[in-house]
Structure formats: C-alpha cells, structure tokens
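Given only the sequences and the hints, what does the whole structure look like? Please build it.
Here this note's numbering runs 85 ahead of the position in the sequence shown, where the first position is 1.
Any given hint could turn out to be false.
What the hints assert, rightly or not - Pairwise CB distance ranges (calculated): (1) 379 / 246: 45 to 51 angstroms; (2) 372 / 198: 23 to 29 angstroms; (3) 389 / 264: 33 to 39 angstroms; (4) 138 / 199: 39 to 45 angstroms.
Simulated from the structure, these hints should not be mistaken for lab results. From the three backbone atoms N, C-alpha and C, an ideal C-beta is built for every residue, glycine too.
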Amino acid sequence: MRAEEVIGDALTTALTASDTPPPPSTLLATVAEAIGAHRCELRLGTKALSWSARETAPGDDVATLRLGTDPDIIATVAPAAAMPGAGAWQPLLLLLTPYAAEDGVWHARRRRQEAVRRRDDVRWRASADMEHERRRLERDLHDGAQHHLVALRMTMAIAEHQQHEQGGEERLASLREQLDTAERLLLTTARGVLPPILAREGLSGALVELEDANVQVRTDISRLLPVVESALYFFALEAVGNARRHAPGARILVEARLEGGRAFVRVSDDGPGFTASGEAGGLASLAHRIEAIGGVLDVDSSRGTGTRISASVPY
86 MRAEEVIGDA LTTALTASDT PPPPSTLLAT VAEAIGAHRC ELRLGTKALS
136 WSARETAPGD DVATLRLGTD PDIIATVAPA AAMPGAGAWQ PLLLLLTPYA
186 AEDGVWHARR RRQEAVRRRD DVRWRASADM EHERRRLERD LHDGAQHHLV
236 ALRMTMAIAE HQQHEQGGEE RLASLREQLD TAERLLLTTA RGVLPPILAR
286 EGLSGALVEL EDANVQVRTD ISRLLPVVES ALYFFALEAV GNARRHAPGA
336 RILVEARLEG GRAFVRVSDD GPGFTASGEA GGLASLAHRI EAIGGVLDVD
386 SSRGTGTRIS ASVPY
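Next up, the structure:
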C-alpha cells in the first residue's frame, strides 16, 4: 500500500473514532505511527508539533523535507527511511489548515505592519530631503517674511492715521525696526537657511519671538528634529498671519506642548471666525507641510466664535 493511502486510512480512522476533532498533536502522532517513525516533527511557520515514541539515539538517521512556504512548513522524521513523499503529507496538512492559518494571519499582519513602517520611514526621509531643498525655495521666503510684513502693514496704517498725535515718533521708530527685521529675514531665507532663531534656539525660542501687543505665546517644548521644528514654526507663522489678516486687532494665543509622542502647536484668536466653506479653503498650504511628515491639521471656527487652528506631529 502506498504511503498516501496508509496515511489517509490512518487519519480517517482517527477522525471517526471520536465525536470531536482530534487535536493537531494527535493527528501528527497518527501519521508518525502509520509510516513507522519513532520520531516526527512538523514545523508550520512559528508553530511546531512533535511526537516521539522514544528518545533519539546516537546514530539515528533523520530526514527533513520542506512541504511549503509562507509560512514555511518543514517535516522531520526518524528514521530517514520512514519519510514519505511530499504528496503523502497533504491529508494531514489539509486537516491542519486552520492551525496553520493562524500563523499565516500573523505573518500577514506582520508584513502589513512592516509595509506601513517602511512607508512611514520613506515619507519621513522624503520630507526631510524636501525640507532641505525647500529652504532655497520661494515658499520659505514667503512663509518666513509674511508674518513680519503683515505686522508691518498694520503698523504703517496706524502710523498714517496717528502720525501727528502723541507717540507718533515712537510708532515710526517701531516701523523702522520692523522694516529692518523684515529685511534681515528676507536676506537669510533668500540664502536658503532657516531663520537664525529657529536654528539657534529651536521651536520654543522661535515661537517666543512672535510675541507682541496682540500675540501671546505659551510654550513648553524641547528641541525636536529639524524637519518637525521647521514645519511647526512655519505653520505658526502662517496661522498668526492669517489671524492678523482676517481678525485685525484680535488677541492671538500661540501654544506649544509635547504629549503622547506628538508635538502640538495651536494658534487661536478671539476674532469673528469663519465658516468651513469660506476661508478654510485657504489653509491647504498649512495642511500640506504638516501632513507631509505624518501630522494632522485641525481647524475649529464658526462665525462669532473665533478661530482655533491646531497642528500635531509625531516626533
């Protein structure tokens, strides 16, 4: 009788001998006894079944046969002469499919997790490379100077209306100082570098520089990766600039913190707010920079309630 028939008959007998399906170890023992082996092992991926009638003695010959891949399925039999061909194992493997599937699911889950991790790594590296190049492009020039130019425009408007009133000279002096600041920022960004305060003191120090009569900053944040600091810094600059444009005279609060492996920056104002179908569409440039490094942008605003724009990024 062929090995396939011997194993098939033995498994049929084992299955019909009980009202409940035999456990995998019993099925393996049935096959081992049917082929005349005194030791039999079957490895299915990370799982292993084994049966032995006696201890392996020195000089015992052993045969190993690969029966499948993904997950790896390997049979080991002693003595070697008892090893049947790969086809003879198929009835047993069919019965062990649910048992092996558990390992297959685990492997699939692990491969999926690895793929996600590799995707995230590639995205981070690409974002870091883009950030390095972006320092030489117009976007950083625009984003970096915009905050100062908006503040300058507002100061100029006030100075024009109050140039003959008391304190006019002080306002003009402030205007000249802001002009100097904007000029320096334009020069440094045009050379392709980050604002010096960001490179020197990090995100916290750079955000504090945004403070003025209408802007308050609360920050409790340590140094982060340059790509994260840059993204959050320019996010805050543009969000503050948006608040100045759309809510002139409103009080603006910039908050930064670390929590749960993420860096959070929120810019809020007590201005008139806007509807989601209105100015919110102009926030795409903010979202692009944040989402490129796995971050999330959240906008909360409605007419009469002010605006809160938050960015969170893993660090």
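Do the hints match the structure? See the list:
1. 379 / 246: 45 to 51 angstroms: Check passed, 46 angstroms falls within 45 to 51 angstroms.
2. 372 / 198: 23 to 29 angstroms: 26 angstroms, holds
3. 389 / 264: 33 to 39 angstroms: 36 angstroms, holds
4. 138 / 199: 39 to 45 angstroms: Cβ of residue 138 to Cβ of residue 199: about 41 angstroms, so the range 39 to 45 angstroms holds.
The structure is consistent with each of the numbered hints, conforming to all of them.
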